[in-house]
Every structure is written in C-alpha cells, then in structure tokens.
Amino acid sequence: MLFNSIDFAIFLPVVFAIYWLMQRLNLKWQNFFLLLASYYFYASWDWRFLSLIIFSTLVDFGVGLALQKEDQRTNRRVLLWTSILVNLGFLGFFKYYNFFLDNFISAFTFFGQEIKGQSLNIILPVGISFYTFQTLSYTIDVYKQKLEPSKDLIAFAAFVSFFPQLVAGPIERATNLLPQFFKRRIFQYDQAVDGMRQMLWGLFKKIVIADNCAEYANLIFNNSSEYSGSTLLLGALFFTFQIYGDFSGYSDIAIGTARLFGFKLKQNFAFPYFSRDIAEFWRRWHISLSSWFRDYLYIPLGGSKGNTIVTIRNVLVIFVVSGFWHGANWTFIVWGALNALYFIPLLLLQQNRVNKEVVANDTKLPNLKELIQISCTFLLTVLAWIVFRAENLEHAYSYISGIATKSLFSIPEFPNRIHAASTLLLCVFLIVIEWIGRQGLYGIENIQQIKTKCLRWLLYLVLVFLIFWFQGDKQEFIYFQF
Amino acid sequence: MRKFVLHTLLFGFLAMVFVELTCAVLLYTDVYLFNYPGYVIHDAIKKSKTKSNKKILLLGDSVGHQLFPNKDDNDSIYSLACNQAISLAGQYVLLHNYINTGAKFEKLVLFITPFSFRNNLDQMYTYHYFLKPFDNDENRYLFTNSVKEQIAKIPYHRWHSMPHIAATTWAPDYISKDTSTFTFLSPISIEYLHKIRELSKLYNFSIKIVSPPISISKREAIDSIYQNEIRNANLENEFANYFNLIAYRDSALFSDGTHFNTPEQIRVRF
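Residue numbers (the working numbering), protein chains in the order written: chain A, 49 to 530; chain B, 462 to 731.
Keep in mind that a hint or two might mislead.
[Stated by the list, open to error] Keeping only pairs whose Cα atoms sit at most 35 Å apart, straight-line, the calculated DSBU-like set for lysine-lysine is: (1) A:454 with B:532; (2) B:464 with A:312; (3) A:231 with B:464; (4) B:568 with B:516; (5) A:353 with A:192; (6) B:532 with B:565.
Honestly, the hints are just simulated from the structure, not real lab data.
Just chain B, same shape as in the assembly (with noise of 0.2 Å):
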C-alpha cells in the first residue's frame, strides 16, 4: 500500500510539472490557439493593438462577427467583432487598446443583437472568453467595481493565468444564481456604455448601435423587452431607433435560431 500511495503521489507530481510546462510552451508560441475555442477574442485583442485609418470601427458579437469578421479586411470598416460572452466590459477593453494605438476614426459602430445586452459577466462563458482573455494585469485597471464582484463570485477565477488552465479549454461549470431584475440592459452593460460615450467625447467618435438582422421567431421575445430600461440608463441617444431598425428575417436564414447559415449572403449596410 505504501508503496502504490507513494508512486501515485509521485506520478502526480510528474504529471503536474510535465503539464504546465508543456502548457506553457504551448502559451508562448501560441500553438494552444488550434485547439482553443475563443481564438477569435484572442484574434480581436491582437487587431485591436494595431494601428489602422479606417473610418468605421467595429466592436460586435458573435453574429457580427459572422458578418463581419475580425480577420478579413474591409475598406472602410476596421471590425473587433468577436463574442457576446466578453460583455460590454470586454468591448470596452478593445475600443480603450484601439485607441490607445493612435488611431483615428469617426464612428464607432456596435453591431450587437438584443440579447447580448443582457450579459453581466454570469454566463457559463465568462470564464473563457472574458477571465482568460481579459482579466490580466494590463487591462484590471479598466475594470469597475461590479466587474470585479461578479469575477469574484466565479470558482477559481484566480486559477484561469495558470498554464494548464489558460492553454485548455477547460473552465469551471458555473451558472450564476443571481436573478436578474432586467430584461435588456445589464448593470456591467450600463457602466461601459457610459465609460464608452465618455471615450466618445474625448476622442471625438460617434456611436451607433445597430442590431444584426435577427429571426422573425425571436421577435416576440424582443417585443418583450422593457425598453424603459433605456431611458432609466438615460441612453436614449446612443439606442435611439435601435429596436425600430431592427430587420427580421425568415427563420431558415439561421442555424440555431440566432447564428447565419449562410452569413456571405447577408448584406448590412451603416
């Protein structure tokens, strides 16, 4: 028994130090980005680092990303669009690197559905594609108080920059307990909205926020919505005609009820 106790504990301790170094030699040369589900948020904080002359920027979720992806080259539009799952906060963190490069532009332009509003950083997602990509030394300072409770309230939030954590895809089951009290705009939604209008005047950019195009069987659900949340934000301008702009479309269009099958054949014009 001793014998089988002590080479268990041993091969566990081999193990350990065989996979975070070999993790972490995976983090540096950024071969784990094959295997890793939220490349394309590690491919946006890239791009949002470099410096462009594009007039339009692009800050989305995942169906804007569909319809703009990050990784192709549009004339006037320089797109960040990646996830809803890393919030407003995260879009934050994209714009403030974007602009932080020098570049100038004269619209910014966040082409995010309805539901995506909703996300206040409790989604069986945030560990991935927010605590893994964000949540660092370089960008906690952007980061606002409720920010920092919900990344508390997550299972071992402070585990994620380990190497055999941070270059797999593994993350913890958390589903929040929280209920909500709204029903469009999170609180975490409503800071960086106010942190973004505020870049907005310093750095001369307007905003627009426009709805991908969305099935005709959701609309109801965005019937539902409470639209005085807006103006309890005091948003008013920034989602003026938000909702009245959006354009349905016929269910087949879409694989899951909210992603594209075809997304090259849609076309959306700013």
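Here chain A stands alone, though its shape is the one from the complex (with noise of 0.2 Å):
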C-alpha cells in the first residue's frame, strides 16, 4: 500500500477514526489496534513477510527482558549477540545472499578454481532494513542500559511495526519512539493540522517531482550511450532531484502521518542541498541512518578518538557499509566511499564540523561565498548519485566520460522539451520553497506563519492542484527496495 494510491486515502482516515476512537477505552486497546493496522498496512505488500516482523519482535522482545534479569557480562554479550545475528542474519540473507555468492565464485574463478554456487530467486521483504536497524537500536540501547526494556509485548510490536515508518523510516530510535507507546496521546488540533501539511508537501515532493524526473532519469539512464553530454548531465540532475524527492517526501508523509496519531518522530531530511560542504550534507541527508552508524557504528569502532589513521578507517568503514546497507551492488559501495573520500579532507583539516548552523541564517539569500560552497557541494553529490544510479560500475564510469564530452556544451534531447522544461520549472520551484522554509522542519512548516487563513489556504489547494495536474507516472518509492 503506498502512501500515494487510494487504498492509503481509504486506509489512513478509517484506522484515524476508530484509533481516536478507541482512545475512550485505554492505552492497551489502542497500542492493538495500532499494531493490527500496522500488519494489514504491511501484508498488503505480501502477507508472507510478517511472519518475518513478528520473528524478529519475537526474539528483540524476550532478549530485552533477558537482558535486564541477566547481571553476568558473558551472558549479557550472548544475549545481544542473539539479536545481533538473528537480525542481520534475516537482513544478511534476503538481501546480500546472491551478492556474496556471486562474487565468491568470481574471486574464485578469477584465480583458476572453478565453484559451483546456485542462486536463489529470494524476494526482498520490503522495509527489512529499516525495521531491522529500528529492532537492533532497542537491544544495543537495552544492553548498554540506556532503556528500560519493554514488559508490554503489544506495545515493543506495535513499536517495531508502525506504520507510518515501516517500510522506508526514519529509522526510530527505541529511546525516542518507544516510550511514546506508554503515554495516553491526547489529540491535539495544531499537532494534526500541522501533520497533513507536512504530508501535503511530502505528497508534492514524490507526486510531482520525483515522479516526473523519474521519468527522465529512467530514460537517459537505461539509454546513455545514445545521449549527448549535456543531455547525461541533466539525466543526473534530475535523478538528484527524483532520490531528494521520493525519499524525503516519503520522510515527510511518515511524519506526518504519526503526527496525527500524536507521535512524534525525528526530522529525517534537513534541506540538504543547501548545504556547504560534505559533512554538513550528511548530518541533513537521511539523519536518521547516519545517526544511527554514527552511534551503532563509528563511536563503539573509537570515533575520531584514535590517531588520523584509524579515524581515516572509521570513516571509510562507515561510509561503505552505509552504501552497502542500501543494496547489494557494488556501485552502492563505491558511492558511500566516494563520500568518504569527500569527507576525509574535512576532517583532516579539522573543517567537518564548521557548517553547524542554517545558511544564510540571518539573511534573506546566500553570499557569494555560501553560493559557491553550496554549488560546489551540490556538483559533488551530483557526481556521487551517478555512480548511486549506475546499473554496475562499468555504467557508472561511461556515463561519467560521457557527460566529460564536447558534447556537453550541445542542446540537450529529450522526446517532449516542454514537459522535461516545465520538470525543471517545478524542480526550482521547490528549491525556492525549500529556501524559504529553510529554518523549519519541512518545507512550507512556516505557512502557519501567514495571519490569512483563506491566504493560508489558498496556498494548500494550489499544492492540491499541483499534485493532480502535475503528477508523473507513479513509480514505487526508491527506498523500498533497500
């Protein structure tokens, strides 16, 4: 069910009613209500993979309360260790087993031993990577004492199953979103009214923009040897778009979604292509991942405690395993240690932790020097999302010496100008949005500021307006299959 079809405009008001409904009688029946609309929202994928969810809340749930009973450091490790493997082995499984595989027999072959490896046709159950890193967040916390376990098994599955953060995030920590299970939400008017704008402009990010330079990307992408440079260029820039687009504008419709079931989740996206440098761009790209393997991952490898080498390495661990979480895919391990090798500079130079505040914060526009630093980080995002999008390597490098061509001072092609150029009009359009809203949560959370409410209002149909005449061809969220 995506969050863009009718059957989620059906869903999501009926399990709105009866939830607050169900607010008369108490917590419990709530949390319920909550996990079995969080089931039927998932088996409407494939009913098949739940057994998988219910598994592995299973296991994350009892070993949280052997945890707490357990004083002795060994036992304490095994039972983590449990987790730690039941988890990833579900995720290392369906998602890496053919990849490994693979690549076994090609290092084999490649030095003269022939092995026999038979692949198997494995679906990947979607949302496992979220949901798995959400469930290990609780028993890493658990074990290091952070949390309190959970005793309530309803709640712990309704946690790990929420909907609106399921399939694609943010990636909840259980310290953040879990004990929000506990308290009675009390339904609250601006808290409501402010979760449907953020699913508005999230609607708008996937319906308008990423759907419709999908539809570019796709087809300069699958076809680039026959396009000019200047052609491959935009091809880039539109996937750029079309990832920022799809992923954020998921982030935004999950958050506020929970919001009108009065949760509260983290801010996920923080206009990243504003940002100046690389570091800055990756503490506002998918916080949630990149908290999380900075907490899970870089601080317990040491962090930038050590000498320059083994901050060099705990940098380049974490850049490549966040591209390999995202797929099995070589192009997607060379991705993140591109931007690791974007990072390492800055953090060398001591230069990776300048850009902490909103640009241009005070200010209307950007100086020429923040315009610069915005351009030249824009362009090496750009470059990195191809080697993202590249069917293989091989794909990657050609389009790369393709866009490095005379060419790419020609007239780019395209088989309807109008509609490519009126993409990009709405592209900039939501880069002037996005500015101007620079300073909130979302893009257009500062509407609330206009004293008009037909003005206010106005300003929402012509979202709605946009969102119909404008929608592309509806694509599946890109997220959803990592």
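Given two chains presented individually in distinct reference frames, assemble the corresponding complex, making use of the accompanying hints.
See below:
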C-alpha cells in the first residue's frame, strides 16, 4: 500500500477514526489496534513476510527481558549477539546472499578455481533494512542500559511495526519512539493540522517532483550511450531531484501521518541540498541512518578519538557500510567510498563541523562564498548520485565519461522538451520554497505564520492542484528496495 | 477533534471544487496538452477530422509515428499514426473520422508492428490512450460489444471524462488478468480489421498492412507467432506477405528494442 495510492487514502481515515474513538477505552487497546493496522498495512505488500517481523519482534522482546534479568557480562553478550545475528542474519540472507555468492564465485574463477553455487530467487521483504535497524537499536540500548526493556509485548510490537515509518523510515530509536507508546496520546488540533501540512508537502515532493523527474532520469540512464553530455548531465540532475523528492517526500508523509496519531518522529531530512560541505550534507541527509551508524558503528569503533589512521579507517567503514546498506551492488559501495573521500579531507583539516547552523541564517539570500560552497557540494553530490543510480560500475564510468565530452555544451535532447522544461521549473519551485522554509522542519512549515486563513488555504489548494495536474507516472518509492 | 474533522472535510470539499474547476478550464483551453503524454493521439484525432487530397492514408503505432509523424506534412501520405495503445478500435475511429470529412484516398496503409495487433484493450495504457480520447458520445456507436466488455473490466472506467482525470496523467493501475489465447491477433483486432475491410469496399480504397522495420533481436519472437491465426480469422488477403516483407535491422539502431534512436535516418517506401 503506497502512501500515494487510493488504498491508503481510504485506509488512513478509517484507521484514524477508529484509533481516536478507542482513546476512550484504554492505551493497551489503542496500541493493539495500531498494531493490527500496521500488520494489515505491511501484509498488503506481502503477507508472508509478516512472519519475519513477528519473529524479529519476539526475539528482541525476549532478549530485552532476558538482558534485564542477566547480570553476567558474558551471558549479556551472548544475548546481544543472538539478537544481532538473528536480525542481521535475515537481512544478510534476503538482501546479500546472491551478491556474496556471485562475488565468491567470481573471485575463485579469477584465481583459476571453478566452484559452483546456486543463486536463489529471493524476494527482498519490503522495509527489512529499516525495521531491522530499528529493533537492533532497541537491543543495543537495553544492553548498554540506556533504556529499560519493554514489558508490554503489544506496545513493543506496535513500536517495531508502526506503519507510518515501517517500510522506509525514518529509522526511529527506541529511546525516542518506544516511550511514546506508553503515554496516553491526546488529540491536538495544531499537531494534527501540522501533520496534514507535512503530508501535503511530502506528497508534492513525491508525486510532482520525484515521479516526473523519474521519467527522464530512467529514460536517460537506461539509454545513456545514446545521449549527449549535456543530456546526461541533465539526467543526473533529474535523478538528484528524484531521489530527494522520493525519499524526503516519504519521510514527510511518514512524519505527518505519525503526528495525526499523536506521535512525534525525528526529522529525517534538513534541506541537504543547501549544504556548504559534505559533512554538513551528511548531517542533513537521511539523518536517522547517518546518526544510527554514528552511534552504533562509528563511536564503538573509536570514532575520531584514535590516531589519524584509525579515524580515517572508521570514516571509511561507516561510509562503505552505509553504501552497502542501500543494496547488494558494488555501485552502492563505491558511492559510499566516494562520499568518504569527499569527507576525509574535511576531517583531516578539522573543517567537518564548521557549518552547523542553517545557511544564511540572518539573511534572505546566501552570500557569494556560501553560494559557491553550496554549488560545489551540490555538484559533488550529483557526481556521487550517478554512481548510485548506475546499473554497475562500468555503466557509471561510461556515464561520467559521456558527460565529460564536447557534447556537454550542446543543446540537450528530450522526447518532450516542454514537459522536461516544466519538470525542471518545478524543481526550481521546490528549491525556492525549501529555501524560504529552510529554518523550519520541512519546506512549508512556516505557512502557518501567514495570518490570513484564506491566503493560507489558497496556497494549500494550489499545492493540491499541482499534485493533481503534474502527477508523474506512478513509481514505487526508491527506498522500498533498500 | 470535531474542529479538525470539520476543517478537513471543508478543505477536502474546497479542494475538489478547486481542482475540478481549474482542470475544466485546462481542458476547455487545451492547455492541459503540454503536460499530457497522450497528446500524439489528440493530434491524430484532430487531424483525422481535416480533409486532404493525399492518395495514401497511413494509420500506425508509435514506431509508425516515429517514421511518419502525424504533425509532419508529406506530399503523398496523410499520416494519422500515433500509438498501439489505441488498438485497432481506435485506428478504426480515426479512419471513420477521416472518411466522414469526404476525403478520397486510394490506399490505406496500416503501418503496424506485429506485436501491436495483440492489443485487446487490456493494457495498462488503455485507460489513458483509449478511454480518455475515444470513449465519448461521438464515437461510442462505433464500438463493438467486445470493446464495451473490455472497457467495463477497467476500474474507474466511468470516471475518465471527469476534468481532474481527463486533464491529468492519472490512470488506474490496471493489468488484465485474462489469459490470452492468441499470439498475434486479438479478438478486437480481428473484428476491426473486418470492419476496415467493409469500409474499403464501401469507399473503394485498397488496404496494405506493413510492418515498420524491426530489431533483429525480435526475430525469434516473431518467428514463434502462430500465423494460422490469420487464416482462422479469414484475413489472408490483408496480411499477404506481411511477415515475408519485414525488414530486420541491427539492434543498435533501436533505443528500447522497438523504437528507433534516430528515426529520421530510416527510409520506408510503400
């Protein structure tokens, strides 16, 4: 069930109405209903994989309780590793089995040894990378005694499978989300309206920006050998906006939906394309994943506390693992390594925490230095997205080589130029709106400051109209495949 | 809560009215066409209602449209080629429109790839490319029962003329679950080829069915077509030499296995 589907448009109000009616009963019933709704939401993709979530939930719930009772360090470690192995075992099997098998066979063949292996026709359970990391954070936090384990299985299961963010994040920490399941939720008008507003903006980003850009990005990437350098560059730009619109749009809809139910999820995107350096970009892009790797991988590895070589190693590890998290393909690994290469010079020069504040905080426009910094960071990001989007490394290389030719200065070719130009104009519209709203949590949060209700509603209506008129060919959310 | 529900309902109502009205304006002024993937079909319909004195009328699919765009002017060929998704039923409507202008032509060329004859109005593009442009009071009397039955299977088929659907790219996710019993000619294609034959006798023009050049990579798929379907459908005359005359070209010339990278470099004669 996609957020931008008629099914969800029916599902959401029904669940919303019943959920708030159940407030009169008690919290447990409300959580139980949320759990059923979440399982139904997930089963609408493939009911068979519900068993995976339920199994993972039971294991982590059990491990959490056992960790509380256990004092011995060795036993506690065994329990922690049980949870890690079960969760990563599922993830490894469903997501990486064929990748490792193929690469082992290739490696042996390279050294003259023929080995045989049977590739499996494995379907990747939607959202497995997201809920696996969410449950892992619970077990690790309980192990580190940062969090009391849950004694309420229903609330815990509802936390693991909470439908707004189940299939594509944000990856919530148990320390933030789980306690909210134990507090009585009270309906608040302002919070619900804010949720609706964020959902509207998310739908705009997904349906108008991402789906329209996808049409051209797919066309150009799938036939890249046919196009001129200028068209290839535009194709990369289209993909840059597609992935942002798609993923941040999903996050906005997820956060907005959660607010309708009285939950507060963490911000997942903070206007990353206005970043002045790559370090800032990674503090603003997929924040829930970056901070997960920082807290559960980078810091345990020693972070930046060791010598320079150890720090560089740690940075490389988290970027490469982060790349690999996105999928079983060398392109993702190289994409991660490329970002590490962008990041390491900043780290060595101790410039990685320079740009913490919102850009041009006190002014309407950036100054020349900021503009150059934003443009350079953006171009580096576009280059990395080419590797991310390419079918394989050879394709990425040929795509980038195709851009770096004389034809870069030719007029781009498109089957429907007017539509392509209007799609680009919509991207400019997105940039302008997000620039104006960059101090908020999402692009149009500040609309609420407009005092005249009619004007406010007119702006919402224009967005609704744009969503209807400019809807692109419906595409699955990119991050579902991760 | 009550305030929120009331405001949401009010906003929803206003949004519906606002979107319907603005889309109606877009439809009325044809502004919607710049963002409309089916504009090629719209152009073909418009052109089919204009008389000409060209000797050859050409109907075709998207490859046909690549090689003979319906926007271009040609000395002897009047092209209404647009897209396979309109099916032979849509092609028939175009032909019917053109005949109704009083135009006299000597030859009708159906410039269509073999795979396009499989269209039985059961594709994901049917809603967008057939229902929206063709399913209206002006054309409905030309639809056979098979067409009506196929249309009835498509979700939201009655809603396609509502402004917010007609003016936008929205279409339901529809993929037919019917198992096809044919490899080449769908029942709708057979019916309408017969109807085209009737018109040819009535208005005295010849019919030639020709395939655009095809990628060599498709040869195996074409060889596996069960050509007895032509005989069973009593269409041997129309398809005489159709398969024998297919020109197979290097697959490097095609962008997606079907469409040409640079159609302007391809030459075809009838």
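Structure-based check of all given hints:
1. A:454 with B:532: 32 Å, holds
2. B:464 with A:312: 21 Å, holds
3. A:231 with B:464: Distance ~24 Å between residue 231 of chain A and residue 464 of chain B Cα, so the pair holds.
4. B:568 with B:516: This hinted pair holds, its Cα atoms lying about 6 Å apart.
5. A:353 with A:192: 20 Å, holds
6. B:532 with B:565: Judged against 35 Å, a Cα distance of about 20 Å means the pair holds.
When held up to the earlier numbered hints, the structure conflicts with none and fits them all.
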